[in-house]
Amino acid sequence: MVRSIGIDPGDQTVKVVELEGSYRKTRLLRVHTARAAAQSVATQSLADVGAKAEVVAAATRAALDEGMRGELTLGHPLREAVLRVIELPFKGRDAIRKVVKSEIEGEIHSHSVDDMIVDFHEIGEGAEGGTRVMVASVPKPGLRTQLDAFSGQSVEVETIDIDAMALWRAAQWAGAFKAGDAAAPADSSPTVTAVLDLGARSVKMLLVQGERLVEMRALRIGDAVVADEVARRHGLDAAVAREVVRACLDEGADQRLEVADALPAPAGAGEATAPSEDAPKRAVVVTHAEVHEAQTSYLQRLARELARYLTSSGKASQIRALWITGGAVRSPRTKAMLEEVFGVEPRELDLLSHLQHDLDAATAAELGPRLATAIGLALGRLGGPAGFNLRQEDLLLTRGFERIKFPLAITCMVALLALFVHANRRSIELKNLELEIGSTYVDKTNPKAMPVFHGMLNRVFSNKWFEDPVNDFHYVPSKGKEYRYKDLIAELVQADVHRRIMIVRDRLKLAADQKQKESGVYEDISLESGLAVLVRLSEILLAVEPQIKGYLVTRLELNMKAPNRKLEMTVAFRGEDCRNKMSVLRAAIDEDCAKPDSPFEPLHKNDDGAKETLFSDTAESGVTGAYFKVLIRIKDSFRPFGPSSVALGAADEKLAPAKSQLAGTGGGK
Amino acid sequence: MRFLRSLDLYKFIVLLAAVLLPLGWWWMRSLDESIRLCRQAIAEATKPGGFLEQIGNLQKKVEVVVVNRFNTSDAINEPRIYFQNQILAAGGTTLKSDDFGLPTDPKDEPAWMGTSPQKASDLVAEVTWKRTDLKVPMGFIYAVLFNAESGARVGGNQQGQQSVWKLRELSIVNATDERLTGSGSKTPPAELRDDWSIKTMKFARREPRKQGN
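Residue numbers (the working numbering), protein chains in the order written: chain A, 367 to 1035; chain B, 1190 to 1402.
Please keep in mind that the hints were generated in silico from the structure rather than gathered at the bench.
Be aware that one or more of the hints could be misleading.
[Claimed, not checked] Covered by chain B, per the in silico footprint, the following chain A stretches (three or more residues, Cβ under 8 angstroms):
hint	region
1	659-671
2	763-776
3	835-849
4	921-929
[Claimed, not checked] A few chain B residues that face chain A, going by a derived Cβ cut-off under 10 angstroms, partial list only:
hint	residue
5	1206
6	1217
7	1226
8	1235
9	1239
10	1265
11	1318
12	1392
13	1393
14	1395
Even glycine gets a Cβ: it sits at the ideal position worked out from N, Cα and C.
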């Protein structure tokens, strides 16, 4: 629920009200009143203004401390404002706002317009389609003093309105301007409703046509002049004089009292400087006659002022209703005077009867007529008609946020810029990493083509292994259809880039596992080539042929059956150097065994390398020499025709004579 | 609405920042997380034994399966015809089909697979050379071995699929002088003729056994 607080500084009493709800359905939550500093309007000094501002601020602070919550609207006395009605030849608030200050400048002579807050209220259409506006100009010093006082009490007032506007709003809210309330005019002239606020020091008067405010005026006269006269005549304190005057008028009898035989307390000192009980006292008698006389004088003066104003406004004859509010609203003599001046019976504007509230009857009766302005101010924040806003220019409300919004905006801009730069850098970094892994590349010239990938994925797919029908990459999930290469590509395109390599690995693993399970082939079961072993042996022999010239291979036995694979060769060397030649051959074989792709194993510990059998008929043949039986063990697994092999060239050379016998070359035809 | 009415450039910037900064922070977080994941993915892919290496190994696995899966080529279904063609192609016009014998059914021997859980059988086909007087040059032997192992066909393309048959056992003796084959260790002549007598020639192919077989 929206809450709103209205502050009416008043002339003698500060009124603070708290409303809750909406403009149509409003509830009065709390009322706080405080005695204002007593001073005469005519003799207001700067000190008085400051003191009054402090009292208002303190009263507001006290109200807030009591638990009032909501946005605060302060009413500024109309009597301190300069009101002018001007016509502008155009419409629109923004357009009017731009010129209103310069337009009003020539109308104000008491102050420099630069030292005033100027605001306006549209009160109707002007001639030739223009706008008729009521312009209120309020000197800044008074406002600033009040705002400083609020700051001292840590109170932030959101809006400052003219109190008469609050009165108009309150009257409208209470239905005072409804057509049925005013007597139907005899002629066709528009009806005017008058609203009168009878304050202690001033009287505010509004003239409203229909529901539209047409004029308002503050008369610097109030019923406090009666008490002032009594106080001056008898040397009484202002507050005491007010009480005595009230008692005289209520009881219709003389009032006798004893007061301290001293000068009255200075205005604004209030009860704080009350004389002590031991001070000498004097008796004072205030007669009803003198009070009556003072009141008569006041009413006569007020009647003259009102009549003068009505005459000057030209709307005296159009007034069909008169609503009154304020402290003097229940005075029969005042009512009689008003009826005589306005020609209509005055009616009390009873706002409390339209409000939900928890006030007891006595309090409601006491405060009811005095709260109209405060309630009207609070209603402005609940959606009531807009009034004036005097918190402008250098008096504009700057909340905590308003004060820091410039550095905050700069900080935000810097933060946004830094964020953008940093994010951009990180984004580029991410893009590069994704390119390295395998972001998708779609050929724009052929959008229907299968997507390809950058980076590692490109290397994985570039050899077309997955597409090769020989490899037949696919697997069948437990549920669903067969998963093939195109499904893999589609999944990769949809997946996050960082997961893509892992997805390829996972899918390939599924395919490999399934293929292994189906085929029973879990590892390479291909047989090693016996031909490769023989070719390797040939290479070794060819390599050492210049050193072992004249070697004779007489027998060759190859057994490729695991686990005891072996090659046995019987080679004969003629001559005294047969052992040397065998040693060269053995060294060549050992050298070959050291090569990683050699099919031969290094000589086993228990092998003697080569079993030697000397020629048995050397004596007969005259030739020395020996047979050597060479045993070479063969590895269980080797790479046939590995890179260290010169097989193809050497074998080709060796096999050259037999090339015509190879099936693939067309031999054998 | 009241807020929008009082909206100025500063408020707009602050409002924009209030929206964009959390979004940007979230974006940065997601970028950082993505970068972390990408770096982790690269590290996991490129480290020794990483994803890339695993992919290569898995491809090899599949290739192994492809190479070793049951084959239904003629070399398996009709080994006699296969070996006959390959041997005759090596022998030219001098060799006749009755110079050698071929098995009707290869002999099934359990394959030795070391510690591997893989089960396989070796099917051994022996080519018997009936004529004891048949002496062949070494080139012929190499040609027979090459034809049998390569699977090359007469008039066919050499780039074709390799044969599943590999040389299993071979025993050849130089036939220049009878003395050389005996146990006398007589002095060999200075040069040997390129005449060889084939004592044993066996080829084998391997088939996987499915689990439970």
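Taking the hints in turn, this is what the structure says about them:
1. Figure legend: the region 659-671 of chain A, annotated as covered by chain B; annotation inconsistent (0 residues with Cβ-Cβ distances under 8 angstroms, at least 3 required).
2. Beta-carbon proximity to chain B at under 8 angstroms applies to 4 residues in the region 763-776 of chain A; the threshold of 3 is reached and the given coverage holds.
3. Counting residues of the region 835-849 of chain A whose CB lies closer than 8 angstroms to any CB of chain B gives 4, which reaches the minimum of 3, so the coverage claim holds.
4. Chain B is given as covering the region 921-929 of chain A, and this holds because 9 residues of the stretch bring a CB closer than 8 angstroms to a CB of that chain, at least three being needed.
5. Look at residue 1206 (chain B): its Cβ gets to within about 3 angstroms of chain A, closer than 10 angstroms, so that hint holds up.
6. This hint holds: residue 1217 (chain B) has a C-beta 6 angstroms from the nearest C-beta of chain A, less than the 10 angstroms allowed.
7. Taking 10 angstroms as the C-beta contact cut-off toward chain A, the hint placing residue 1226 (chain B) at the interface holds, the least distance being around 4 angstroms.
8. Restraint check, residue 1235 (chain B) versus chain A: the minimum CB separation of about 8 angstroms is within 10 angstroms; hint holds.
9. Checking residue 1239 (chain B) against chain A by beta carbon gives a least distance of about 9 angstroms; that is within 10 angstroms, so the hint holds.
10. Interface restraint check for residue 1265 (chain B): the shortest CB-CB distance to chain A comes to about 13 angstroms, outside 10 angstroms, so the restraint is violated.
11. Among the interface hints, the one on residue 1318 (chain B) is violated; its C-beta lies about 15 angstroms from the nearest C-beta in chain A, farther than the 10 angstroms criterion.
12. Taken as an interface hint, residue 1392 (chain B) checks out: its beta carbon lies about 8 angstroms from the nearest beta carbon of chain A, inside 10 angstroms.
13. For residue 1393 (chain B), the shortest C-beta to C-beta distance to chain A is roughly 6 angstroms, which falls under 10 angstroms, so the interface hint holds.
14. Annotation: residue 1395 (chain B) was flagged as interfacial toward chain A, and the flag holds, the nearest CB pair being 5 angstroms apart, inside 10 angstroms.
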